[in-house]
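Peer 1: Chain residues, written in single-letter form:
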Amino acid sequence: MYLAKVYITLKPTVNDPQGLTIKGALHNLGFDTVKSVRYGKYMELQMEGEDIARAGEQVKEMCRKLLANTVIENFSFELEEMKIT
Amino acid sequence: MKFGIVTFPGTWSDGDCYYSLGNILEQDVRYIWHKDTDLSGLDCVVLPGGFSYGDYLRAGAIARFSAVMPAVERFAAGGKLVIGICNGFQILCEAGLLPGALMTNSHLQYRCQWTNLKVENHNSPFTNQSTAGQVIKVPISHHGGNYYADERTLEDLEKNNRVLFRYCESNGEISAGSNPNGSMHNIAGIINARGNVMGMMPHPERACEPLLGGSDGNIIWKSIIRYLTNKV
Amino acid sequence: MVFKKEVLDEVALSIGEYNLIVQKLGREPTIVELGLFGSLWSEHCGYKHSRKLLKLFPVTRRTAGGKEQLGQVVIKPGEENAGAVDIGDGLCVIMKIESHNHPSAVEPYQGAATGVGGIVRDIFTMGARPIALLNSLRFGPLDIPRNRYLFNGVVGGIGGYGNCLGIPDVGGEIFFAKPYSSNPLVNAMCVGIARRDSLVSARASGVGNKIMLVGADTGRDGLHGASGLASRTFGEQPEMRSAVQVGNPFMEKLLMEACLELASTDWIVGIQDLGAAGLTSASIESAEKGGSGLDIDVLKVPRREQGMTPYEIMLSESQERMLVVVKTGCEEKVMAVFQKWDLKADVIGTVTGDGLARIREGDVIHAEAPVAILTDAPSYRLYPRKPAWIKKLQNRDISGALNPGRKSFNWWLLKLLGSPNICSKSLVFRQYDHQVLNNTVISPGGDAAVLRIKGTPRGIALSTDGNGRYCYLDPYAGGAMAVAEAARNVVCTGAIPIAITNCLNFGNPEKNDIYYQLKECIRGMARACRVLNTPVISGNVSLYNETHGEAVYPTPVVGMLGLLLDVRRHVTAGFQEKGDVVYLLGVGDDRVNDLAGSEYLEQRLGLVAGRPSIDLAMERRVQRCCLAAIGKKIIKSAHDCAEGGLAVALAESSILGGKGFIGPQWECGELAAANLFGETPSRIVVSVAKDREDALLKEAKRHRVPVKRLGTVGGASFILGENVNISLRDIEQAWKQGLEGKG
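Same order as they appear, the protein sequences are chains B, H and D. Per this note's numbering, the very first residue in the first sequence carries number 1; after that it's consecutive. Per this note's numbering, the very first residue in the second sequence carries number 1001; after that it's consecutive. Per this note's numbering, the very first residue in the third sequence carries number 2001; after that it's consecutive.
Keep in mind the hints are simulated off the structure, nothing from the lab. Keep in mind that the hints are not guaranteed to be accurate.
[As the list claims (entries may be wrong)] Below, in silico cross-link-like pairs of lysine-lysine (DSS-like), each with a Cα-Cα straight-line distance of 25 Å or less:
| # | chain 1 | residue 1 | chain 2 | residue 2 |
| --- | --- | --- | --- | --- |
| 1 | H | 1222 | D | 2454 |
| 2 | D | 2425 | H | 1137 |
| 3 | D | 2708 | D | 2690 |
| 4 | H | 1035 | D | 2333 |
| 5 | H | 1080 | H | 1035 |
Full structure from sequences and hints, please.
Peer 2: Next comes the structure, spelled out in structure tokens:
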């Protein structure tokens, strides 16, 4: 079993209204040190499998096909082995 | 009676609340800018619907830090009436003035439609002009109206008659089919323990004229007016 | 020539056009100037292929007294961002429809969302409060996954943006057909209201006045949106994807409130939104309108991305930006309004008197060309021949469809009611807020939406229409039918049709066949507009709607505005009371050709053929008769006969009213199918109380309109003589579930 931690973020060049608005709110609360906010999504996927390379390929495919909108989003992920309980 | 309607950046039902209270029910109404902190002279504060701060991060999460909110909290603590509609309800929950949270609708879609609401407690300042178990027709318009609270909170709400409105069939039956957003216990509106702060997802300000499809929303406004008149 | 052919391709200019630029300027243009020309001479901004044809449209309205203001056109096409028409009491309605087809084909959610954003800006730019949105959508069949993805994305984007703004989405139509596969049409219409004396112009004038840029920072979003996307056909070209713009409806809402606040002051000369071709078209077109020059320093433009060139800054299509021309001395007051709404505003230039568009980066001048030359796009006129294939389709024998095959008419009626083109679209409309602003009297799903106008007894009715199948078979008739049906729809609510806006969605106009369609369609629309007295007050042209060389159906979308003098007297489409008598105003010919271009024909034989036609004089008489009868309170319900024909229209009135219908006598000979499902235009199903039958017949006679008694309202069944007998529940279910599970 593997645990895939998937991060979906807007491509750096794409406008991020959510991030901008959150940054403004943080400034209003006095957190002036914040220079930039980029809003994204985080997902955890538990997957069956033995081969970490193959699992990685699968997650990549899932991101391309469904999890990320590659027109405007980038994705990255980490794979961890899970103990079967 | 004097009503104050709060405008946050992104609020849009402020105008509709103003029109229904001011033009239809001929009450004294004024707008309150989210940066203002002066609520003096008001009998009731309305937090209207809309997408404050674009609903970014979470609906109501940013608006609850507006300058006006501590004043609203003091206003409520003084026993005055506060009503949150739609986004206003979300803000009240985020601010902790009402328990629970409003999650994304269970079907993940926006819903704008007329709903039937069963009045579960007709003795509150917001419902005293309704009859026991009356079914009223009021529209919803939201993406995140799925009421959630933990077991203990729900038990507390139910035990103390703090659920004011539940989604129901036109005959009053509380059914899964009449629940438009997945809310627990079909909850559409609740009050705080003291009974002076109310939040509801449906929009009473949209149901004040037969020309627009119904006027049951006036029951809520008239209840508030009656309560305040009696108090004076 | 100092530029390579590829550079010209990128800005979509031909070598001939380049040479024209050199000739006019008397020198080679700079790269920034080339970008300006490419945008301003694009079809989107310059209307190269359509300008001459668009002149055919009538742009004024005949009003009764001559001096009467009600119904008068206040702002004509091309004068401002949108057209305006007087609705009395010093108020006017401002409206426009615009396409966002290409962006929606690339990224449907954002494409549709920013389409809504753009059209809303066009309205509040003029100082008008937007009060309604409508959408006219076309997709390929939903059994293809890509089309489902586009459909869901577009609907999501429209709702996501419009709901956040607090502008009700009150109507429109959705149509599915193969030629729209992978090439959806997304036309968004916005309607606003303003006091006639407080309209704001989009002009830059007054030497020394400051030009202010407000709203979002500028990024590389949508570079070449106007020239690249809107002027070229494309398949799945990944490089086009960098052009995707992400909308921010929250900022748009703030901009809207701030601009409306400014519109009520006298601190500004003009406001213009940044749409296609961004800063380029906004600034230079404003200068042209004001007869001025301008001087813009791109270093003053706040940027979201690093290392942007002057070229990129001028052509960026970043959303939610406005240009405001501020009167000297009022800068601080204007700035304070934007600050109140948490908006950023920067002075980026000044209005000049030399007639030049000067673009600088600090001290370095990157462009310095006369505004008059930049905005003088060439205009092409072609002389197309009628394509042989159209004749062939028109003459094709369609009589085979008269035979319903192995299925009964019951089966066919249920099939048509459940077809995505006919069924209830409530699954879509319930995702849009259609009530906010407390004006919506008739919600989406009726013939037209009706809104009351606060503070007056009046109301307006709004509808969009345009059947691509009819235009494909006969572009002239199809164009006329689009106008006629839109007008008929508002008439069915009791409103007088007074003006239209339109969006012309066609393929590549450089091809003979497409140009023929465009030309004929415009001629047909123009004719109908004259006959029905509904001038064109605004519009938009979307050409090059092709994928792999296959064009969409020629699709003119008409957005109709109707006026109700007393909104309480509106009429709805549903049957009202048991015992009411149902009539048909205007009568079909009951011939095979009624089935031309019909939904039934396509479903029955898989054919799009035949020659649709319309008698505009009859159309006008039917509409006048219906309006007169509504005015005299004779008619209790009215519903237009459209796709699916008479049987479907009657079934819809039954479903909407929740009441059965009994039509005792029915054409049951060999023309039964044409009678049931033929789509002859100029017909309205009306119901009247029993004691008002004579009054209706008298009105019909007075207007020389054929009229036919069809049956009575009542019962729990839907019965058309021997042909159809179905329970009300079954027709309702078929109609309501047509889109279920298809999204």
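Peer 1: Take the hints in turn and mark each one as holding or not.
Peer 2: Verification of the supplied hints:
no.	hint	in the structure
1	1222/H to 2454/D	holds, 22 Å
2	2425/D to 1137/H	holds, 23 Å
3	2708/D to 2690/D	holds, 15 Å
4	1035/H to 2333/D	holds, 19 Å
5	1080/H to 1035/H	holds, 20 Å
Checked against the numbered hints given earlier, this structure breaks none of them.
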